[in-house]
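Visitor: Listed here are the chains, written in short residue letters.
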Amino acid sequence: MEDREIKELEKAVEQIWEVALRFGLDPYPTNFEIVPATVMYEVGSYALPGRYSHWTFGKAYHRMKTMYDFGLSKIYEVVINTNPAYGFLLETNSPIQNKMVIAHVLGHVDFFKNNTYFSKTNRRMVESVSTHAQRMMEYEFKHGRKTVERFLDSVLAIEEHIDPYFFIKREISVDEAKRRAELRPRDGRYDDLWHLDKAEREARAAAASPASTEEKERPRERLPEKDLLFYIMKNSPSLAPWQRDAIAMVHEEMEYFVPQMQTKIMNEGWASIWHARIMRELDLSDNEHIEFANLHSGVVSPQKGQLNPYYLGYKIFEDIERRWNEPSQEETEKFGRVGNEGREKMFEVRELENDVSFLRNYLTEELCEELDLFVFELVEEEEWTITEKRWEKVRDQLVSNMTNFGFPYLEVVDGDYNGNRELYLKHRYEGTELDLRYGRKALEHVHMLWGRPVHLETVIDEETTVLHFNGDEHAED
Amino acid sequence: MSIQRNDWSLQRKGIIDQERHKDRVKEAIRKNLGSIVSNEAIILSDGKRTVKVPIRALDEYKFRFNHQKGKHVGQGDGKTRVGDVIARESRPGSGSGSGQAGQDAGADYYEAEVNIDEIAALIFEDLQLPYLQEKAKKAVQSRKTQFNEIRRTGVIANLDKRRMILENIRRNAREGKARFGDIKKEDLRFKTWEEVMRYESNAVVIAMIDVSGSMGEFKKYIARSFYFWMVRFLRTKYDNVDIVFISHHTEAKEVTEEQFFTQGESGGTVVSSAYQLALDIIKQRYRPADWNIYPFHFSDGDNYYSDNEEAVKLADELIATCNLFGYGEIGEEGSSSYRRSSGALLSIFSDRLQNKDRFVGVRIDDKEDVYPALKQFFGRRGVETPA
Chain A
1 MEDREIKELE KAVEQIWEVA LRFGLDPYPT NFEIVPATVM YEVGSYALPG RYSHWTFGKA
61 YHRMKTMYDF GLSKIYEVVI NTNPAYGFLL ETNSPIQNKM VIAHVLGHVD FFKNNTYFSK
121 TNRRMVESVS THAQRMMEYE FKHGRKTVER FLDSVLAIEE HIDPYFFIKR EISVDEAKRR
181 AELRPRDGRY DDLWHLDKAE REARAAAASP ASTEEKERPR ERLPEKDLLF YIMKNSPSLA
241 PWQRDAIAMV HEEMEYFVPQ MQTKIMNEGW ASIWHARIMR ELDLSDNEHI EFANLHSGVV
301 SPQKGQLNPY YLGYKIFEDI ERRWNEPSQE ETEKFGRVGN EGREKMFEVR ELENDVSFLR
361 NYLTEELCEE LDLFVFELVE EEEWTITEKR WEKVRDQLVS NMTNFGFPYL EVVDGDYNGN
421 RELYLKHRYE GTELDLRYGR KALEHVHMLW GRPVHLETVI DEETTVLHFN GDEHAED
Chain B
1001 MSIQRNDWSL QRKGIIDQER HKDRVKEAIR KNLGSIVSNE AIILSDGKRT VKVPIRALDE
1061 YKFRFNHQKG KHVGQGDGKT RVGDVIARES RPGSGSGSGQ AGQDAGADYY EAEVNIDEIA
1121 ALIFEDLQLP YLQEKAKKAV QSRKTQFNEI RRTGVIANLD KRRMILENIR RNAREGKARF
1181 GDIKKEDLRF KTWEEVMRYE SNAVVIAMID VSGSMGEFKK YIARSFYFWM VRFLRTKYDN
1241 VDIVFISHHT EAKEVTEEQF FTQGESGGTV VSSAYQLALD IIKQRYRPAD WNIYPFHFSD
1301 GDNYYSDNEE AVKLADELIA TCNLFGYGEI GEEGSSSYRR SSGALLSIFS DRLQNKDRFV
1361 GVRIDDKEDV YPALKQFFGR RGVETPA
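Protein chains in written order, with the working numbering: chain A, 1 to 477; chain B, 1001 to 1387.
Hints in this document: simulated from the structure, not taken from any laboratory.
The reader is advised that the hints may include incorrect statements.
Under the rule of at most 25 Å between Cα atoms (straight-line distance), these lysine-lysine pairs were calculated in the DSS-like manner [claimed, not checked]:
1. Lys74/A - Lys1052/B
2. Lys1026/B - Lys65/A
3. Lys1022/B - Lys441/A
4. Lys1375/B - Lys1026/B
5. Lys441/A - Lys1031/B
6. Lys1022/B - Lys146/A
7. Lys393/A - Lys1071/B
8. Lys1062/B - Lys426/A
Make the full structure from the sequences, and use the hints.
Guide: What follows is the structure, given as structure tokens:
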């Protein structure tokens, strides 16, 4: 890309920024980086630049890059939720592609900043993950690459099983608060120079210690625990300190990603709405308009058979705006809508909802029909068949598939099962069975982390079944 | 707000982790040789050097829902109705499905691109040729010329231009300025050759297959994958490997490779016919004194009862002339626990053969059995040559 083009793009960024603010968007300041494809795919496959090393990232990277090399698919943008935010632009993008991407990125950044599910997100995550990477590398150095890699295999097998509202627990934990109070004076490396008064510190430690003996009893009281990662990190009988630290790092990174997993449809819909509107405000030539229209329809076009989150989110936001701008008579009478509140309502929704509540509250009968949504399932193990088109059923199915970001809901119900420190997990069965082959393998990973026999209660063919793994063999009853 | 362009040329993380992934693929291949050995993509590769092979061990296992038992939401073109079939489930092994409507989750194992030579090297690591003998053929030498020396004089056609240029530049450098030009006789360098004598070793594989009515697609496939690796393996050990294809039902005949693997016949089974033909061919074309001989026979073991006596006798004769006689009895697909006790040739052979040292009989019921069978045929055992 030539300097002239970069100058032009700089101008475009300022222009787009102004238009975005005029529309009421409120993003963090955003820095854009122009990068070659290899870097784009690298950032895309790690989801954050500078994360720790693991072969699964290499696999994702290889797949993305191959798809790109063969012209099968292309990522136009990657955006990083930090403050200031980062947007990555592909160096081979055309100027108009870049403008659209910039507008789209600002939509995402506005969402990151204002949606309530992101309110606890660490906005300096890039720094955090690079210290994680550093630590992970030290562990590889100390304990061997293979050892760390195998261990991470197991941790990553259950990485989704964290509690999205983990921060609440963290805030109310009295013991934790005490521990922190005790630690606070030592935040900095040389802070202890400030109070060389040893007696004071000792007194403080003495005050805290009676509580810490009680703390040992605590894990059992808190069950069931949805956060497998956290529970295992705290209570596993077998982990070395570095392993607990590695789990903590993965946990922290998942905490960062969870809001994004919870708001995929909304986030993409929101960004698409605004890139479209912002682009319409820019001075584009006829040719540029056509190119943009093509690009835009590519992003928000329905894909046959599949659900395009961009399209679904886009349509719902548009529908919300319309319904609050021009409420039907029924809506006026029942809900007291006065009209012309569309914009305001959209911003309210972007602030308060996540995908599950978004769909439950705003996917209407008319939209289901217009989008031609349906439920399909495998009939007689052979044909994927449409089995339901009633809109409420479709909506509920969609919502249920999104729950817990599409993963089975597992809980620790006992960390001392059989009085033998065995781990007993329970799958909260809601009508869909587990993939047993995968489940057994994943259970092996759990065993590796726990170090003692593990059990998983689930439902198979409508009967409660417990899968056991003792380190050597699987059993079930 | 800014636009930046940094130098990313030192960014290597993705590439480094891609290497880690490759390591995992290699390791997984090593662990899964059993299923890879009989993979269609390889056996039917038809000269291709790399093929894609599904490798299950590289799945990233998670607790997840059974995709096939779940209900999913999709989007249509506006005209869908309840009862419409939007996709068909692809059967395992029957190639790719129609790839629609979230089926992908069902078939998400990793397909590794593998190089057949690399796989072969892995497989052959554990194999060796039993009773490999230095045959008389050793007397037949072949002359080979090898260009392996450089001299200052020689035939101008054998001028080594690259070296000449180097020498020229070097000489010019010595004289003050490194450059090319002004070639003198002392710059010239010539390649010269040596004559090397080589001893060639020869082997012949006599591949016999039962094409009677009871040999179905699966059984033929098993035989085919076995021969595929066997021939490849022998080629790594011998300079020349001849293969003779014999198919038989009640009669035996020599056929082409293509016929051998594709032809379907029907009728009963007279095993001795094939052995007789093999013996005849050996007598006419492959003197045991000159050739290492490896007859292998695949059948479902359903021989005519009246022929068993003759078959055993001829098998003994074959064994006497050859390095190793292999017999593979292929069962029905998926019937691994099922063993026929009576009537089957394998048990008759193992009871009645005179000379069992050089006989290897295996039972194959499953694709996964091919690799163990190969190991059994070519496993480490008495390498010493009995007098």
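Visitor: So, for every hint listed, does it hold in this structure?
Guide: Here is how each hint holds up against the structure:
{"no.": "1", "hint": "Lys74/A - Lys1052/B", "verdict": "23 Å, holds"}
{"no.": "2", "hint": "Lys1026/B - Lys65/A", "verdict": "20 Å, holds"}
{"no.": "3", "hint": "Lys1022/B - Lys441/A", "verdict": "22 Å, holds"}
{"no.": "4", "hint": "Lys1375/B - Lys1026/B", "verdict": "20 Å, holds"}
{"no.": "5", "hint": "Lys441/A - Lys1031/B", "verdict": "16 Å, holds"}
{"no.": "6", "hint": "Lys1022/B - Lys146/A", "verdict": "14 Å, holds"}
{"no.": "7", "hint": "Lys393/A - Lys1071/B", "verdict": "11 Å, holds"}
{"no.": "8", "hint": "Lys1062/B - Lys426/A", "verdict": "15 Å, holds"}
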